[in-house]
Amino acid sequence: MLGLNKKDTTLFLIVIGMAMLAPFILNPFPEGSSLAQMFNAGYPDLMQRFVIFGILVIGFNILFGLTGYLSFGHAAFLGIGSYSAVWMFKLVGMNVLPAILLSMIVSGVFALLIGYVSLRRSGIYFSILTLAIAQMCYNLAYSVLGNPSSNFNLTNGETGLQLSLNDPRILGSATTDGALPVTNLFGAAMRSSYQWEAGSWLFTFNVGYYFSAIIMLISFYISIRIFRSPFGMMLRAVKSNQQRMNYTGLNTRPYVLAAFVISGIYAGLAGGLLSSMDPLAGAERMHWTASGEIVIMAILGGVGTLIGPVVGAGFNEYFKNILSKINDDILHTWLSFLPDGLENLLVGFLHYFVGKGWHLTLGIMFMLVIIFLPGGLVQGGQRIAKLFSRKKDGQATPPATQTPAE
Amino acid sequence: MGILEVKNVGKRFGGLQALNKVELDVKENTCHAIIGPNGAGKSTLLNCFVGKLMPDTGSVMFDGQSVLGRTPYEINQMGISRVFQTPEIFGDLSVLENMMIPIFAKRDGAFRMHAFENMFAEKEIVEHAEHMLEDMNMADKREMHAASMSRGDKRRLEIGMCLSQEPRLLLLDEPTAGMARADTNNTIDLLKQIKDERDITIAIIEHDMHVVFSLADRITVLAQGTPLVEDDPENIKGHPKVREAYLGETAAA
Ligand SMILES: Nc1ncnc2c1ncn2[C@@H]1O[C@H](COP(=O)(O)OP(=O)(O)O)[C@@H](O)[C@H]1O
Ligand SMILES: [Mg+2]
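Chains as they are written, first to last, in my numbering: chain A, 1 to 406; chain B, 1 to 253.
Just chain A, with the same shape it has in the complex (with noise of 0.2 angstroms):
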């Protein structure tokens, strides 16, 4: 299908039906359950980040996943382009289609200079240039370009860029009754969610994450068709040989200038959807801590393969949201049945770990992957695959030869 194989295709429908499917599969419990207050993910911010987040890992992986290089910098990107889409509020209209293009477009030139400059360097250099060009980014957004009083306020600095009654809006969205206008596409507004009660359950269809969501589904599909073509298999032996390559009449800067500027125009694209969920765009969201948690996402998922970055992605968000929402009360009601003096000592040790401190846990998390796991999440769901395969034929498989990137 669309120039897939068998096995993508699989995979490909698999991804379309989750993501339309996703309102359901995150709300498996009745509301007002108290399993549903704590383990329902349904809810449009958060599905709308799993989609968003994915589509920013997915791009991040085109670069590290098939060339090796380490981008350390990659929030610079998401920053960009939702200081990009705002913006286009700001200045044209509330239509999101716009206002993401340009956000694609001013990350894509931002990430070709970016790239020129890092990619003279490879292996740690590289990472550690990124790194530094992302937090001048940052400082820049911060506090250079974002100053309120000054003519040239690009940023509106720590308070962040956001949508305001004066602005130009030369398209003129409806704002009416002095209310801020709202984003939309083609009229639909973003905010706006359609709810559907079934028995004692709510089910939410959200217009902003079922538009994030196609968007994902064509990130996805491109990036499916990148892995299998020819500039794929080039990149792949980027990070294989570089020696090779250039002796084979290759010249591999192109190449990886090629992956860098996709994957930050895939992260510009991040940062638009993100503005137009939410027209609200802040300098921490370039911060090197955002950046390094797109790449613990990466590897948490898989590096290097197709599902991983969505997987890592999803997994990330899922249990940040879990785990900043356990409180002490709830601890307690939890550990209700042990006697009151160890309880009140184990809440305390777990207070740690939870709420605020949920960076703690997926810190934890994060390490148990990476050692018994050093192919994320998606090896664990290979292992547990073969191990049923096993089960069923009644004799182990032969070891398959590593097919790249599945």
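Since the hints were derived computationally from the structure, they do not count as laboratory data.
By construction, the Cβ of each residue, glycine as well, lies at the ideal position given by its N, Cα and C atoms.
Any given hint could be a false lead.
Partial selection, computed: residues in chain B whose CB lies under 8 angstroms from chain A [to be verified]: (1) G2; (2) E5; (3) V50; (4) L53; (5) G69; (6) P72; (7) K106; (8) M113; (9) E117.
Mimicking EDC-like on lysine to aspartate or glutamate, the simulated pairs with C-alpha atoms at most 16 angstroms apart in a straight line are [to be verified]: (10) B:K106 / B:E124; (11) B:K21 / B:D63; (12) B:K27 / B:D153; (13) A:K239 / B:D92; (14) A:K239 / B:E124; (15) B:K27 / B:D208.
Following the hints, put chain B with the ligands in place on chain A, whose structure we already have.
For chain B with the ligands alone, kept in the frame of chain A given last:
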């Protein structure tokens, strides 16, 4: 006039004069061997031909054009392919993919952004690669992970990858180093066959005299960075200077 003309090439590494006034003239469609003891500067000389090293003095002309100051990929695109002393292949890729890459490079040049075709939909390239694998006697290994092959197979693959580009000049740096006798003989047969069947010029560095005398039409002996003699194989065998500087030394070793 030779296809590769090397004049007065010198290269210094700190206090070591690795190459000194090297002259070499490789005639088209011949096999020219460069022999000499370890550390004589043979690999250094090859590095000067392919853009890995810039000599301090002298000139290197390939088919009337200077190669000095060009990048390795430009030199390859001029028609020079190189096999390394330790096999350089794409270990993470399949054997078939390894064979396809040089063919793509030959057809599409140093860079092409073909990001939307399927790589295996390029029939002519896949067929050419499969044909090359058959020539190399490794058609059965096409799906194998290249890094998991034996050293001899890696070497064959690398030679095949170079040949698939139909280079005018093939440079081989000790292609049989570290190989078992059987593998060495296979490689000799392979190279002989290549020499007979194709219009190709070969410059080979080799330690193994058996390999050299089976293949070479012309031999240059290098010692301490300077050419001692250049002559036909029969004359080299009996040459007193060579026996003293090279053959004697290996016999003693
Ligand atoms: N990049 C380099 N830097 C410093 N010295 C080098 C370098 N490459 C080679 N040499 C030295 O030059 C001499 C010739 O080396 P090489 O050309 O590899 O010899 P051969 O291939 O004939 O055995 C050796 O003494 C080696 O140590
Ligand atoms: Mg050598």
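Verification of the hints:
no.	hint	result
1	G2	violated, 22 angstroms
2	E5	violated, 21 angstroms
3	V50	holds, 6 angstroms
4	L53	violated, 13 angstroms
5	G69	violated, 15 angstroms
6	P72	holds, 4 angstroms
7	K106	holds, 7 angstroms
8	M113	holds, 6 angstroms
9	E117	holds, 6 angstroms
10	B:K106 / B:E124	holds, 13 angstroms
11	B:K21 / B:D63	violated, 21 angstroms
12	B:K27 / B:D153	violated, 30 angstroms
13	A:K239 / B:D92	holds, 8 angstroms
14	A:K239 / B:E124	violated, 26 angstroms
15	B:K27 / B:D208	violated, 22 angstroms
Checked against the numbered hints given earlier, the structure breaks hints 1, 2, 4, 5, 11, 12, 14, 15 and satisfies all the rest.
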